[in-house]
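Engineer: Just need the whole structure built from these sequences, with the hints factored in.
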Amino acid sequence: MVDFFAMGGYAGYVWPSYAVFFIVLAIDAVAPRLRRQRVLKELRGRLQRRTSRESHGAPT
Amino acid sequence: MNALTLWFHKIGSPPMFYRIAGALGAWCYGVGLLLGLLGLYGGLVLAPPDYQQGDAFRIIFIHVPCAWMGLFAYFFMAANAFIALVWRIKLSEVLAMASAPVGAAFTFITLVTGSLWGKPMWGAWWTWDARLTSELVLLFIYLGIIGLYNAIEDRRQAARAAGFLALVGVVNIPIVHYSVNWWNTLHQGSTVRLMGPSKIDAAMLWPLLLMALATHLWFFGSLLARTRVGLLELDGGKEWVRAIALADGAAALADGAKHHG
Amino acid sequence: MTPGSTASACAALIRRDLTLVWRRRGDALNPILFALIVVALFPLALGPEPENLRRIAAGVVFVAILLAGLLALDTLFRGDYEDGSLEQLVLSPHSLSLLLACKIAVHWLTTALPLIVIAPLLGELLHLAEPVRWVLVLALLLATPLLSLLGAVCVALTVGMHRSGMLLALLVLPLYVPVLIFGAGACNAAQAALPYLAPLLWLGAALVLALVLAPLACAAALRISLS
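Chains as they are written, first to last, in this note's numbering: chain U, 1 to 60; chain Y, 61 to 321; chain D, 322 to 548.
Nothing false has been slipped in among the hints.
Label pairs and their computed distance ranges (CB to CB):
hint, chain 1, residue 1, chain 2, residue 2, range
1, D, 368, Y, 135, 44 to 50 Å
2, Y, 79, U, 9, 50 to 56 Å
3, U, 27, D, 518, 46 to 52 Å
4, D, 544, U, 34, 31 to 37 Å
5, U, 9, Y, 311, 48 to 54 Å
Straight-line C-alpha distance at most 25 Å; calculated DSS-like pairs for lysine-lysine:
hint, chain 1, residue 1, chain 2, residue 2
6, U, 41, Y, 318
7, U, 41, Y, 298
8, Y, 150, U, 41
9, Y, 298, Y, 70
10, Y, 150, Y, 298
11, Y, 150, Y, 70
By construction, these hints were calculated from the structure, which means they are not laboratory data. For glycine and all other residues, C-beta sits at the position ideal for the given N, C-alpha and C.
Structural biologist: This is the structure we're talking about:
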């Protein structure tokens, strides 16, 4: 097991590479989710502002 | 109109694509993750160490698939940009712009892992040979496309301008791929062939191919997720988007009530 | 030439652009001053030993002129965009790519040609070897029109943006890199007494291609930006 993690002495290069791979792809997977939430929240806000304007009799 | 053309037009409609992309994207992520774990197990545990590079060669299972994906993503983006510019298809615009960040991410991983592999093997973190330089230029092209897309207010015009830039930058792709043949480079030549035998051991080849498949699926998963958001932004005023926004809000409220109650 | 023909339109455009540059002829000094400053910074940073400077002289002059040209690129369409004549140009019945080719040519004549003229002086400041001097001028004669043509396509994409300086540099860099590699490569080969014809021929080939294709791409990009 220790041999596996030591990677023949190259652990300092191999494991950071794998870390970069996982971290960057994880960020890439999460980013659209966050953006989707932000976009939908903004749309809801816009809709609410419009319906409140309409219900108060203001011209749209 | 025959069934295929009808299906094709249906797919292009934003609300339909949004639904399909949701299901398909989740499937791509799931299968991609599974195949990726399998491939990494084969590469990290099962494959024997290289006679020349020892265990450091195992970076190949990340470096090469990401390099392939960086090029594939660009090709996908350019093809969609072409369709968007010639036929003005909205979905192609969104697909093209959604592939840019994913391609840039893969190219970035390629450069970083290549650098981490180069230090023990060549003794240098970086060298200005043709393959590395053209790959770095590819990253700059990606960043330029993303920058241009974000700089223009109108989303459709922005997609067209950035798509045009993507097409102008296509010349770099063959340069990246063939740079190891055309110039004397430090970087290794191609060992995996599409046709004919590859110059790599079978125990190392199958994890590599599995990782290539996994990264392709991950690319499509991310692409579909980003395309869904892009369609929401583009069609913000339409009824189908409003319905989704309200449903999402109701779900968020219900979640909040569940946690407070 | 008959008024209303494409030839007379091109002639009118060239005359107009030259007149406009002549009216602000002080501004034409800006790229020259910039290139001079960049070149002057290197001996200050690296020390004045002629041997050190001679090794990097051709490359530094090339980069300085490239950067000066990049700064000057913004003036290609800005004035016309701000007073509305760019839209008139796009709407004209004549071939837009031909008109743009004329504009780019005048721009090159007024910004890049002065830089090429002072290139030997810049080289001398860095102790550039005598035989390399003329290879440098020749390489610049081939490279700077290429840079103007490629740059014009990118400027067309960012026309009208307010703070487009950094974005323009980012867009243009991937296209400039091969030109720089071949141009400076030819000079460095000449300095090492190696054959230098091949990179120059590559530049020439690229220039011929760009002369035909870049105005077309620039017209398409302009239409997208102004749509």
